[in-house]
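S.K.: Going down the list, the protein sequences come from chains A and B. Per our numbering, the very first residue in the first sequence carries number 1; after that it's consecutive. Per our numbering, the very first residue in the second sequence carries number 1001; after that it's consecutive.
Calculated directly from the structure, the hints in this document are not laboratory data. What you were told as hints is all true, and nothing was included just to trick you.
Below 30 Å or equal to it, Euclidean Cα-Cα: the simulated DSS-like pairs (lysine-lysine) are: (1) B:1042 - A:71; (2) B:1101 - A:83; (3) A:83 - A:14; (4) B:1101 - A:70; (5) A:71 - B:1101; (6) A:9 - B:1042; (7) B:1071 - A:57.
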Amino acid sequence: DGGITQSPKYLFRKEGQNVTLSCEQNLNHDAMYWYRQDPGQGLRLIYYSQIVNDFQKGDIAEGYSVSREKKESFPLTVTSAQKNPTAFYLCASSIQGQGGYEQYFGPGTRLTVT
Amino acid sequence: GESVGLHLPTLSVQEGDNSIINCAYSNSASDYFIWYKQESGKGPQFIIDIRSNMDKRQGQRVTVLLNKTVKHLSLQIAATQPGDSAVYFCAENQLGGNNRKLIWGLGTSLAVNP
Chain A
1 DGGITQSPKY LFRKEGQNVT LSCEQNLNHD AMYWYRQDPG QGLRLIYYSQ IVNDFQKGDI
61 AEGYSVSREK KESFPLTVTS AQKNPTAFYL CASSIQGQGG YEQYFGPGTR LTVT
Chain B
1001 GESVGLHLPT LSVQEGDNSI INCAYSNSAS DYFIWYKQES GKGPQFIIDI RSNMDKRQGQ
1061 RVTVLLNKTV KHLSLQIAAT QPGDSAVYFC AENQLGGNNR KLIWGLGTSL AVNP
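Assemble the whole structure, with the sequences as input and the hints as a guide.
M.R.: Below, the structure written as structure tokens:
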């Protein structure tokens, strides 16, 4: 089955610790995205990557970092600099980084920082 | 039932009724529109898309209507079922533009009463 996997589904961390969220896709998609979703809210773009070894900041990149060393993987690190990291994190991919292509989403990771 | 989806309103309908979810999009240059369904605790799932050279597109039990004059998009669900209960998001983009610029609405919560 082709798709996007995110792990773990739930993640708990202490304040001040960095944490890395995994995102893997076997759809052979060029573009990948990370979104943050807060309760009762829409999606906000954190980072995106249109091709391997390239990525760009989204609308709320502060306190986050990413890498894109492989086409199928786009891990997100939530650093201690992120002031309010507790949220639902969604990874997505699309065939291309151009407009006009739907984004496919993973199941999400719910991060709780205390 | 019918709603305007700008501030995550809730639309409550009876099972078997038709549902209409509305979305006012923001960018007059947008020419590609997508509807997503998000069930609680899961990632958004693609429902249907439409390009600006069309004003109507039908899928299985769903119809999307586009009115470019007033920048309005609607999703109609026929014979609504309990499994349709979810938050529905509209998203807009520009064909050939950067898919990073997929603009998300805030969502509308659909509750189906048995």
